[in-house]
Amino acid sequence: MKVLVPIKRVIDYNVKVRVKADSSNVDLANVKMAINPFCEIAVEEAVRLKEAGTATEVIAVSIGDKSCQEQLRTALALGADRAIQIDTDQNLDSLHVAKLLQKVVEEEQPQLVILGKQSIDSDNNQTGQMLAALTGMAQGTFASAVNIDGEKVNVTREVDGGLQTVALNLPAIVTTDLRLNEPRYASLPNIMKAKRKPLAVKPAADFGIDLAARTTLLKVTPPAERQAGIVVESIDELVEKLKNEAKVIS
Amino acid sequence: MSVLVFAEHDNSQLKADTLKTVAAAQAMGGDIHLLVAGHNCQAVVDAASKVNGVTKVLVADNAAYEHQLAENVSLLVTELAADYDHIVATALTTGKNFMPRVAALLDVAQISDIIAVESSDTFVRPIYAGNAIATVQSLDSKKVITVRPTGFDAVATDGNAEVVALDKVTDAGTSSHVSDELSESERPDLGAAGVVISGGRGMQNGDNFKLLEGIADKLGAAIGASRAAVDAGFVPNDMQVGQTGKIVAPDLYIAVGISGAIQHLAGMKDSKIIVAINKDAEAPIFQVADYGLVADLFDALPELESKL
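Chains A and B, in that order, are what the protein sequence lines are. Quick note: our numbering has the first sequence finishing at residue 250, numbered continuously throughout. Quick note: our numbering has the second sequence finishing at residue 308, numbered continuously throughout.
Check each hint, because a few of them may be wrong.
To be verified - Here are a few chain A residues that face chain B, going by a calculated C-beta distance under 10 Å: (1) M1; (2) L134; (3) V159; (4) P183; (5) S187; (6) R196; (7) P198.
If you are wondering where the hints come from, they were derived from the structure by calculation, not from laboratory data. Note that CB positions come from ideal geometry on N, CA and C, so glycine has one too.
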């Protein structure tokens, strides 16, 4: 079966973002970028399905300008077979992304689409679920285990009180949580090989989707800074402060 | 103008965070209707009818909604949406799971995880793990919103709303529930506790989390963990506090053996009072702590327990 893995180029998770002085957005100039950590887990899961003989082909897709080809090459180095870049320099809402991916799903007919549960920039946690709704597929979000079982996939999900397992008819959508797997490092030979794997570029405009903005970002501000407090010398002093100064224990 | 709020529950109890989501809905303006979708969930309906500010409780009690599968619930909410300007759910696992489906089926954008309501179409939400705060205006006619409960104060529960049973059943038939494996705990919910004590990689192993239990018992606290402690396999993931785990804002948060990575701070820095216990005086957690104690946690925790 074919597995489609949509991935996103985001700020590296170790970088602390700064807000622009004019409050228009965060400042991404000259900031290190990387594949979104949850998307990397999605690629790893797809590659493991291929190594296990369950998947026959792994296709990575990303939406953005030419720079996201870097992350597609990363996915290819990790083991994806081919890649598609949907070319646009527009800032898209999750709904637009899901609509573009819907077209890719219609064309490629994957049995499974694996996405990260959220991107660490916009923290929306929407695209996988929206794609599932648009394609009419079932979804297993926040997955910590994925097991293909004939015509179904069993997905164990991280929920508030613990774990929940659901059975989904294939084709289906899975979104990854952190514990699903630990992504491998790409080896140098695989990075070299990835440069020769096919990467198709398709202009977003060719998909015939209305990409007019649904939201307006009015401003972006830094969060309220917490003042560093005091260092106490002993447990006695700590307990005394919590009782009498902060009044949070009695 | 009216608002449909999805009640978060487990068929026996209405989750307290729903009261905070209703508070957010009040700020959007209009009549508020609360939807209870579940199975054999009369106790939840009773509690829902007492939530202040709610004029009507809609009840969809059917086996198709027992586990609140996203495929089924999203169809129900989408059908009901015709009568509402705002469709609102709590940003907990259930709401996060099905709401984007509703947005897509209605062909509107979703605004996730709001922490404030500026007006009926403008909302405030954290981005980049809370390192930036965005003010976003929705241009769609219907607004689909999830609410981060820590941003709002719960409404009271002495109301008396009308209860209306829905006979609609929407079963997509594409998914089924297999099993639940829920953590059994006598302690309060992480999201609802007034005091949270969390351990990090400095705890060294899962057994050492017992050192937190005595303190948690004395303070009536929930126990949390950093992602590092979860990744190291010390404790299960449902204890994780952070960008990718639970977001908490208790009156008192005690971070033990936690260095304070930005992903962890994202989950707890709105707490009223933060205490950090760490033997590394340079740990970033001290930059957000109201009270810091530089000490070996294996000495500090037993002493703290004995002095509470």
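Consistency of the hints with the structure:
1. The closest approach between the C-beta of A/M1 and any C-beta of chain B is roughly 17 Å, which is over the 10 Å cut-off, so the hint fails.
2. With its C-beta approaching chain B no nearer than about 5 Å, A/L134 sits inside the 10 Å limit, and its interface hint holds.
3. At its closest, the beta carbon of A/V159 sits 4 Å from a beta carbon of chain B; the interface hint therefore holds under the 10 Å criterion.
4. For A/P183, the suggested interface contact is broken, since its CB lies about 13 Å from the closest CB of chain B, more than 10 Å.
5. Checking A/S187 against chain B: minimum C-beta separation of about 23 Å lies over 10 Å; hint violated.
6. For A/R196, the interface hint is violated, the least distance from its beta-carbon to any beta-carbon of chain B being 35 Å, above 10 Å.
7. Look at A/P198: its Cβ only gets to about 30 Å from chain B, farther than 10 Å, so that hint breaks.
Of the numbered hints given earlier, the model fails hints 1, 4, 5, 6, 7; all others are met.
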